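Residue numbers (the working numbering), protein chains in the order written: chain R, 1 to 220; chain F, 1 to 215; chain G, 1 to 242.
I should point out that these hints are in silico values taken from the structure, not numbers from a laboratory.
These figures come from a predicted structure and were not determined experimentally.
Where a beta carbon is used, it is the ideal one built from N, C-alpha and C, also for glycine.
There could be a bad hint or two in this list.
[Claimed, not checked] With a straight-line cut-off of 25 Å between C-alpha atoms, the simulated SDA-like cross-links for lysine to any residue are:
| id | chain 1 | residue 1 | chain 2 | residue 2 |
| --- | --- | --- | --- | --- |
| 1 | F | LYS108 | R | PHE16 |
| 2 | R | LYS216 | F | LYS108 |
| 3 | R | LYS76 | G | TYR145 |
| 4 | G | LYS81 | R | PHE16 |
[Claimed, not checked] Examples of chain F residues toward chain R, derived with CB under 10 Å:
| id | residue |
| --- | --- |
| 5 | GLY51 |
| 6 | SER73 |
| 7 | GLN81 |
| 8 | GLU82 |
| 9 | LEU89 |
| 10 | GLU156 |
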Amino acid sequence: MTPFNAILFKDLKSDFRHGGQFLFLPAFFLLIVMLYPLSLGANLKVLQTAAPGLLMIAALLASLLPLEKLYTDDMKDGTMDLLMLSPQPVSFYTGGKILAHWIIAGLPLVIMSPLMALMMGLSINWPDVLLIFIPATLLFVLIGQIAAALSLGARRGSVLLALLVIPLYIPVLIFGAGALDLLQTENPAKGPMLFLWAGLAFTLPVTPLVTTKLLKMQMD
Amino acid sequence: MAVFSGYNLSCARGHRLIFEDLSFEIESGQILTLTGSNGCGKTSLLRMMAGLLDPFTGSIQWKGENTGSDFLSRNILWMAQETPLKPQLSVIENLQFLSCIMGGPSDKAAIQESLEKAGLGRFSHYPVSYLSMGQRRRTLLTLLYLVKRKIWLIDEPTNHLDKEGRDHLVNGVSDYVKQGGIAVIATHRPELWGSCTILDVSAFREGTKEERQAA
Amino acid sequence: MFGYANPKRYQALSHYIFIAAAILATLFLSFGLYLALIASPPDYQQSETVRIMYVHVPAAWLSMFIYASMAVAALVLTIWKHTLAGFYIRAAAPIGAAFTAACLISGALWGQPTWGTWWVWDARLTSVLILFFLYLGAIALNNAYDNPDKGNQASAWLVLVGSVNLPIIKFSVEWWNTLHQPASLTSLSKITSPGIHADMLTPLLVMAVGFLCLYSALVILRLDNEILSRKIHVLRLRTING
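In isolation and in its complexed conformation, chain R is listed as follows (with noise of 0.2 Å):
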């Protein structure tokens, strides 16, 4: 067993049989997308222009929930105390983490969200969804990742961290949200599908490591 696969393995055990996120998280996406006509009105026509931006809205939101307990468990045990003395490096530590906390808290998602389309009136190809969702929530999770790292141990964390991430989730917001629009005029949206996953080949392997440094310093 390595390093990363048992941090991997570790946190996926413990959230699913926790009756875990990976069920809540779903639930919360389509409460949230419940609430859209029950505020805008049921009109379809409202709902279908408006619904790429509230879909990402939506998992916006969901993706915050997870982030404030994602290290405080781990400070709080002591495990952190062991992978900072351990003989790997830390970054295993944090890459399983980012590849558990997707699967937990991205995938769900992914996999809800031309559901969730159809639900709102969106009458585009589920496959072009999923291409959009994919970087989209990827990158949801590792600028979260950034911001959980940043955060932990401070004073009122969950406010906190969303007046740190919300701004930080803008660019992936609106080009997830101009990505969904554009397919629905049936005009390809390869330009902010692009952009998303270009700032995901920029940011996947970057945060591993800003990550470690956040939690070294956070140990001092």
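Using the hints provided, position chains F and G relative to the given structure of chain R.
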């Protein structure tokens, strides 16, 4: 020259010093127990030895050289008062994870074997949430035998332990030091550990430097 | 962290810089305000309301300049662990936020008579609003830890992450803006597109220099405060240590 030593250590927390001008020296095959009243800095001193806390002043040395993180991560086994066990995972899964990140064996057979030795074999597939505090502590203590290290730093290991668990631990520690290991144990009951050097950390609280120098 | 290098020399120097900056700020701002409010001509389209520009634009420039300077300080702090850089971020962030707020508020006051609305969701305004939130995040993080040094470090990291993100945010917001071009913006492009006349440029530049001097004076005051409060902290530890 002592094998493991610390000189002129002091520890700052917020605006005050918890202890100052503290020094210790240990040879291979010795037990050092840290005693003292609550809040005197036993845990902080242990964390300093583990490299988790930077001393405000002073240095910690191994064979005359300052210990760095590379040395510490390969030679120290840090066992805190907290129990880093995830309640949803089974005993064996938890130990696999911890042993793996500490660079020990992570195959089930080896872990099962050491659990058997500790008398915990029958629990090995239970989720940790079913275990009592004492059983959790004993589960963690099996890591001492799984991961081979030169220095054990153990914080209040007898908390929650019954007599059987305590005897088991005391025997384990004395076997370990007989083989040349070094054990540093923060405890309120130094008499448990047989022949050991006792360091009373509360004697080094702030403002006691002059008193000690006069004496 | 406690062996802060030669604060005395820095403070002696900073004292003179502060006096110079304060005097220059007074001179430039009073001259600039005279130019802006009295000597410069009213705009042929916007008449007198154009005078808001002389506060609005320098505030906008400074809001970006201060964030850039904080990013440099953040880099210095994370790479060389220079404590003063951490103090600088702590000192500069609230001033930067204040200039950003001044920019937003004066923009709203200017927008009402010119565009007939207090707020327009255009790329510039939205970017400045986001910048304001980045400042708030840095301030909040600075004060969120019991250990002020940790607050400074965390804040420095946020500023670094933010400054990497800022061009991306800016780009995305501009892209978003072209996607949802609001109709009311034609009047804005009319204002910004023609080259600015020298009668207006001079007071603008004078005001900008005045703002910069004001900022320098303020940041030195706050920096001195930070150093003093840290000195008290160290002195307390030393007295305890004996």
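Status of the LEU89 (chain F) interface restraint (C-beta, 10 Å, chain R)
This interface hint holds because 6 Å falls under the 10 Å limit.
Holds or violated: are the alpha carbons of LYS81 (chain G) and PHE16 (chain R) at most 25 Å from each other?
violated, 42 Å
Supplied contact hint for GLU156 (chain F), tested at 10 Å Cβ to chain R
violated, 13 Å
At a threshold of 10 Å, is the proposed contact between GLU82 (chain F) and chain R supported by beta-carbon distances?
Holds, about 4 Å.
For the restraint on GLN81 (chain F), tell me whether the closest CB of chain R is nearer than 10 Å.
holds, 8 Å
Satisfaction of hint between LYS108 (chain F) and LYS216 (chain R), Cα-Cα up to 25 Å:
Since the Cα atoms of LYS216 (chain R) and LYS108 (chain F) sit roughly 31 Å apart, the hinted pair is violated (cutoff 25 Å).
For LYS76 (chain R) and TYR145 (chain G), compute the direct alpha-carbon distance and say whether it is at most 25 Å.
OK: LYS76 (chain R) and TYR145 (chain G) at ~16 Å, within 25 Å.
May I ask you to test the interface hint for SER73 (chain F) with respect to chain R, counting a Cβ-Cβ separation under 10 Å as satisfied?
Where the cut-off is 10 Å and the nearest Cβ of chain R is about 5 Å from SER73 (chain F), the hint holds.
Please verify that hint: GLY51 (chain F), Cβ, nearest Cβ of chain R, below 10 Å or not.
At 7 Å from the nearest chain R Cβ, GLY51 (chain F) passes the 10 Å test, so the hint holds.
Would the pair LYS108 (chain F) and PHE16 (chain R) pass a check requiring their Cα atoms to be no farther apart than 25 Å?
Satisfied, since the Cα-Cα distance of roughly 21 Å is no more than 25 Å.
Violated hints, listed in ascending order, are 2, 4 and 10; each of the other numbered hints is respected by the structure.
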